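Chains as they are written, first to last, in the numbering used here: chain F, 1 to 196; chain S, 197 to 305.
The reader is advised that the hints may include incorrect statements.
[As the list claims (entries may be wrong)] Below, in silico cross-link-like pairs of lysine-lysine (DSS-like), each with a Cα-Cα straight-line distance of 25 Å or less:
# : chain 1 : residue 1 : chain 2 : residue 2
1 : S       : Lys-231   : F       : Lys-99
2 : S       : Lys-241   : F       : Lys-99
3 : F       : Lys-91    : S       : Lys-212
4 : S       : Lys-212   : F       : Lys-41
5 : F       : Lys-74    : F       : Lys-119
6 : S       : Lys-212   : F       : Lys-119
[Said to hold, decoys possible] Derived Cβ-Cβ restraints for the label pairs, each shown as a range:
#  : chain 1 : residue 1 : chain 2 : residue 2 : range
7  : F       : Lys-99    : S       : Glu-215   : 25 to 31 Å
8  : S       : Ala-253   : F       : Ser-80    : 19 to 25 Å
9  : S       : Gln-236   : F       : Arg-104   : 41 to 47 Å
10 : F       : Glu-124   : S       : Gln-228   : 26 to 32 Å
Source of the hints: derived by calculation from the structure; they are not laboratory data. Since the model is a prediction, treat every value here as computed from it, not as a measurement. No residue lacks a Cβ here, since even glycine has one placed at the ideal position from N, Cα and C.
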Amino acid sequence: MKREEKNIVNSQGSLSVSDESIARLLCDDNHVEEAVRLIMKKYGEQLYWHIRRMVVAHDDAEDCLQETMINVYKYRSTYSNEYPLSSWLYKIATNESLKLLKNRSGFTLSVDDLGDSLKDSVREEASPDADETLILLQEAIALLPAKQKMVFNLRYYDDKSYEEIHQIVGDSVNTLKTNYHYAVQKIKDYILEHQL
Amino acid sequence: MKDFDLEGLSREMPYKMPEHFLDDMTERVISQIGKQQRKQRRDHKIIALFASAASVAAVALLFLHPFGGGLDIPDYDSISQCASVDDLFQNMTADELGVYSMMSNYYGN
Chain F
1 MKREEKNIVN SQGSLSVSDE SIARLLCDDN HVEEAVRLIM KKYGEQLYWH
51 IRRMVVAHDD AEDCLQETMI NVYKYRSTYS NEYPLSSWLY KIATNESLKL
101 LKNRSGFTLS VDDLGDSLKD SVREEASPDA DETLILLQEA IALLPAKQKM
151 VFNLRYYDDK SYEEIHQIVG DSVNTLKTNY HYAVQKIKDY ILEHQL
Chain S
197 MKDFDLEGLS REMPYKMPEH FLDDMTERVI SQIGKQQRKQ RRDHKIIALF
247 ASAASVAAVA LLFLHPFGGG LDIPDYDSIS QCASVDDLFQ NMTADELGVY
297 SMMSNYYGN
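Start from the sequences, fold in the hints, and give me the full structure.
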């Protein structure tokens, strides 16, 4: 491996190895393990929270993250440099989260019908010292339809641009903007209604 | 109408991630990938073994029956040796013609 591709941890403790280097290692059978370690180091936490915001329960997030990383390995040859590595990883993580929710909803219900049960899980999963408004926010997010939830989370928590969200979710930028607008409105209404 | 300032809210999550979770997850994923890689290598070896066995069998067959010489393949010198369709129809019994006409009606000729 070239000298500049070695892992560089900057003063803030974050990994500054480039996505191109990780992608190159990922496609090389002899360096897959190293690539997976680098991905987990650089994106593991972001992916975990992205999944957790979708599925709420830690155990489910754990299963989804593991499946996401196995899929990263399995489908590594499908990664194209056209898109950033992070968008590809978020896309796989999003699909895994939706797959888990779909399995949970069974044949008769849709993913969007799980809102109430996800909302109940929010309070069960919240830490005892968690801020009430933050719990209300997560409850409101849990009640959103899956598409609005994805767009809201990616924009609000992950600071993704609409272009990046488009690469992950696939809808047009205008549709994504509309989804975000509706999500914000519903969340505000929910918090105002339930805040003491 | 009252409004709520979503932007002013903390981006913190009300949940916690267990300590060392990501390190444990990394090791678990690496171990899973290792298992898959070993399985893949084993599968490749089995396929290669079968491919070699098939090649050996093909070569052996070629030596035993070079260019199909030893096989009992009918050798027609010319097309004239084949019976014409008209001849076949002329030699058909009444029962065979009945079955033929029933089948052609069924399949719409």
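*asked:* Checking one constraint from the list: CA of Lys-74/F to CA of Lys-119/F, max 25 Å. Satisfied?
replied: The given pair, whose Cα atoms are some 33 Å apart, is violated under the 25 Å limit.
*Are the Cα positions of Lys-241/S and Lys-99/F separated by 25 Å at most?*
violated (34 Å)
*Lys-99/F paired with Glu-215/S, Cβ distance criterion 25 to 31 Å*: The hinted range 25 to 31 Å holds for Lys-99/F and Glu-215/S, with Cβ atoms some 28 Å apart.
_25 Å limit on alpha-carbon distance, applied to hinted pair Lys-212/S and Lys-41/F_ = Roughly 18 Å separates the two Cα atoms, so the pair holds.
*Taking 25 Å as the top limit, are the C-alpha atoms of Lys-91/F and Lys-212/S close enough?*
holds (24 Å)
*May I ask you to test the hint 26 to 32 Å on the CB atoms belonging to Glu-124/F and Gln-228/S?*
holds (29 Å)
*Is the gap between the beta carbons of Gln-236/S and Arg-104/F within 41 to 47 Å?*
About 31 Å separates the Cβ atoms of Gln-236/S and Arg-104/F, which means 41 to 47 Å is violated.
*25 Å Cα cutoff - pair Lys-231/S, Lys-99/F*: holds (24 Å)
*Starting from the hint 19 to 25 Å, judge whether the C-beta atoms of Ala-253/S and Ser-80/F obey it.*
violated (42 Å)
_Tell me if the straight-line CA distance from Lys-212/S to Lys-119/F falls inside 25 Å._
holds (17 Å)
When the structure is compared with the earlier hints, violations turn up for hints 2, 5, 8 and 9 and for no others.
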